[in-house]
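Using the sequences provided together with the hints, build the complete structure.
Residue numbers (the working numbering), protein chains in the order written: chain A, 29 to 316; chain B, 122 to 410; chain C, 723 to 1085.
Mixed in with the good hints, there may be bad ones.
Negatives, chain A to chain C, calculated, CB over 12 Å [stated by the list, open to error]:
| id | residue |
| --- | --- |
| 1 | Gln86 |
| 2 | Met96 |
| 3 | Ser108 |
| 4 | Arg111 |
| 5 | Ser137 |
| 6 | Thr185 |
| 7 | Lys192 |
Each computed DSS-like pair below joins lysine-lysine, with the alpha-carbon atoms no more than 25 Å apart [as the list claims (entries may be wrong)]:
| id | chain 1 | residue 1 | chain 2 | residue 2 |
| --- | --- | --- | --- | --- |
| 8 | C | Lys1030 | C | Lys1050 |
| 9 | C | Lys960 | C | Lys879 |
| 10 | C | Lys1063 | C | Lys1050 |
| 11 | A | Lys84 | C | Lys950 |
| 12 | C | Lys878 | C | Lys950 |
| 13 | C | Lys879 | A | Lys286 |
No lab work stands behind these hints, which were simulated from the structure alone.
Even glycine gets a Cβ: it sits at the ideal position worked out from N, Cα and C.
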Amino acid sequence: MLFLQLVANGIISGSVYALLGLGFGIIYSTTRTFHFAHGAVYSIAGYFAFQLVFWKLQFSVSVILSIMLAILLGIAIEWSIYRPLRNIGASAMEILISSLGLFILLQNSIIILWRSDPRVLPVAEIIRRGVSFGGIWLTLLQIIIVITSFILWIGLTLFMKHTKMGKAIRALENDPEMTEIVGIDPERIRLAVYGLGSALAAISAILMTIDMGIDPNAGIMALLIGVIAVIVGGTGNYTGTALAGLLLGIAENIGIWKIPSEWKSSMAFGVLVIFIVFRPTGILGKKA
Amino acid sequence: MEYIFYILIMVNTYIVLAVSLNLLLGFTGLISIAHAGFMAIGAYTTTIFLVRYGINFFLTIPLGILMAVAISALIAFPSLRVKGEHYIIASFGFQIIIYSILLNWVSLTRGPFGFAAIPRPTIFGYVFSTYFSYFIMSSVVMLACVAFCWHLSKSPFGLILKAIREDEISIAAAGKNVTYYKVVVFITGCAIAAVAGSLYAGVISFIDPFCFTVHDSIFILAVVIIGGTGNIAGSMVGAFVLITLPEILKFLQVSETVAGPLRQMIYGALLVLFMRFRPQGLLPEYKKR
Amino acid sequence: MACCVVLAFICTGLAHPGEVYKMGTIACVTGAIPQHGEYTLRGFELAMEDIDGVGFINGGRIELIVEDGQNIPRVALAGLNKLINIDKVPYFETVGSSVVLACSPVAESGKVVLMNTAATNPKIREAGDYIFSLIPGTASESKAAAEFGIKTLKAKKASILYVNNEYGHGARDIFNNVFTKLGGNVAGKEIYDLGATDFRTQLTKIRAQEPDLIYFGGHANECGRAIKQAKELGVGGKWIGTVATNAPETLSIAGQAAEGLIAVAFPYDPVNGTPKMKNFGKRFKERHGVLPTIYSANSYIAGLLCAKALWSGARTGTEIKDYLYTVKDWDTVVGRISFDKDGMVDLPCRYLVVKEGKFVPYE
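This is the structure in structure tokens:
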């Protein structure tokens, strides 16, 4: 019974981890930029949603505005920071470091604005009530989280396969030179990708802020988990990334069954390090 | 007045950290954000031997170096198979793992409680009890480390490191064992970081795992980059600037609550601006780019 | 107010014209437990008003210098460094077991008085001559909690949920020892990091342990979250919290889930206590809309103690320390206090329970 509850807890965390992986992954596999600042976009979306609701704005409106803010922010970063750097021939390392600097800048402005204690997005109490499913306790909120993640994953997969933009993104991912020859503008696609990835980050952030609250460290942890999911699942493999996220959540929770709870976060990193070192292409990897 | 020497001691400590990270980053091109973890190894080794076994501070420094060498050797080989941006993530992983071990292996490290009342270093009966005397001592240590790194950078070994950074494949084709060089420089850089950790523990009188987090690693990275990668003097200037300038915020009566994050924001902004307008840092490696 | 009239009579005021005396506080202004920063500063606010009301001969005054320690030792030490070396304060107040234990050696060697208003770790007793505590330690309250569990609640099995720092470990150890000595069985000890918001993992394990009683060793905001998630997860058993959980945040965060929570408390009662306590409570509530916690009361006293020491002629840290050891049976807003030879006070424990959204005495 304990075991099954832990698995259930793992699936809930894991579905958010999957979303985090997808959000970061779509940006990374398409643009090959290590978008460190993604963690800050995540945080800002969560805090912004909290603040709007705090100012008594309607819940759904707040959510939509926060997602829009994240999209704009992601696009702005690509347009004003990464693109100019690429144009002057900056190396990947230089772009990474400026992304890191940007992350620090945004992250600390959050701390100045909202201090360090966690903020929780309030929702109707009823969806937080725990219900027992044969001994396994879940809340409606947690079920909503799992379903939302699942729908988004399916939606993303269909989008990539069947829409024009989706196919253009895949084209850019696989063969940047060909894309230009064929007449697709890679810069436009990059902007779209940053928007899409940031939107996914925003949704994950809002879900987490409702469920557990958001604090200044949430951004960097979200980023790390996204990265782990992408590396373990295989860059460019969205199914792999989602599965990796899910498995990571489950593994984390089952791990503490026997291992004391304080080692929980290092487990995720242990998994990461093992994969990076021994199998960088991931479980279902496509390319290194 | 004493307070100024305290700040200068911190500058010395971070100079040691910056020049050692520069060996990895500036010379070899390895972006590591695990450096604070190796600082922690030095700090904890010194503290444990000093407090638990009464070993003289100056003898604990080589012990700290040995610990750092052992642990970095352990992770050197696997981690160097990792390339580019994956390396920074792997180093993040190491940082978190070292931090977790320090936090949770309570019987060894006292976990979250840390060590309080760490005694000041003594030598032949003389106690370095004032910040002034500690500053003199730490300056000696710092200059030794800087001289070592400088010498290394100018030696044939150092030239090969730079060549690796510029064009790894050609160097390998020329017959040099690239991995060997990377491993050696990695271990050396981490070992010197441990020395900085020992200096830190000796003056601050209290350490716990929260003194050595990934944020501190990122700060050391910022010092190296802003100071100038591949330039030893640049690291010294970078450390001096990034440690003393924020202290001015204190005197401007900015509340500490805002000053802390504000300081970080300045580092972040500097990183972005430097990458855009002056990627070679304050003191460039070469006269012209 | 009566307290201040008495003080005025014993004020000998050897102040120089317009001299400014400095007193420091390393408060949790930001960080994981900012409510404690609020408690501290609000208590000091009232103390400063009362001190200014009495004043010093020749117009001297006390200045309170606030440093943000965030309940993180390394940040607190940086603040302490500044207080001692730049501001040259002879006396400062702070909270947090980890912070107090980290600052103690520095205060001791700097000959500066550390007045602890909230930290309860047992090691604080031996922290030094210059270290004083206005709050009795975990040794009293966790012991009282364990005794209550066995004798009154007739609990046989308990689980402990505690924060990963000196405070939490202290609470865990004392409760564990006393509970098992009295014949109970401690089924599990689950740890969480300071400021945690997700307790599901720990609570799932606790649920499997099926305890009669859950002892919570942590802070009010964390308790509020934990107890709320426990209800969501269907965790049974009665909850007993440490003195820190007896605070408005526990109730505001947990809401309905807090019903039945038992908290250990000291005689301090701003609603039904002594006239001094009631006046303090009333005054605080009028200004801030909530009742003062014992921590605000303690920082109020901490401010007054500094003033009393200065009025008696003490100026340096050593002189203030010597003065404090002479404080015996002083009637304050938390009761009658005396500092024993280790600089600690001793107060009896009582028990509160949450009924209809409020902390009331346990019947």
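For each hint, the structure was consulted:
1. Gln86: holds (22 Å)
2. Met96: holds (26 Å)
3. Ser108: Per Cβ check, Ser108 (chain A) is outside 12 Å of chain C; nearest 30 Å; holds.
4. Arg111: holds (36 Å)
5. Ser137: holds (14 Å)
6. Thr185: holds (29 Å)
7. Lys192: Consistent with the label, Lys192 (chain A) stays out of reach of chain C, its closest Cβ about 41 Å off (over 12 Å).
8. C:Lys1030 - C:Lys1050: holds (13 Å)
9. C:Lys960 - C:Lys879: Distance of about 11 Å is within 25 Å: holds.
10. C:Lys1063 - C:Lys1050: holds (11 Å)
11. A:Lys84 - C:Lys950: Satisfied, since the Cα-Cα distance of roughly 24 Å is no more than 25 Å.
12. C:Lys878 - C:Lys950: holds (24 Å)
13. C:Lys879 - A:Lys286: Between Lys879 (chain C) and Lys286 (chain A) the Cα gap is close to 21 Å, so the pair holds against 25 Å.
No hint from the list above goes unmet by this structure.
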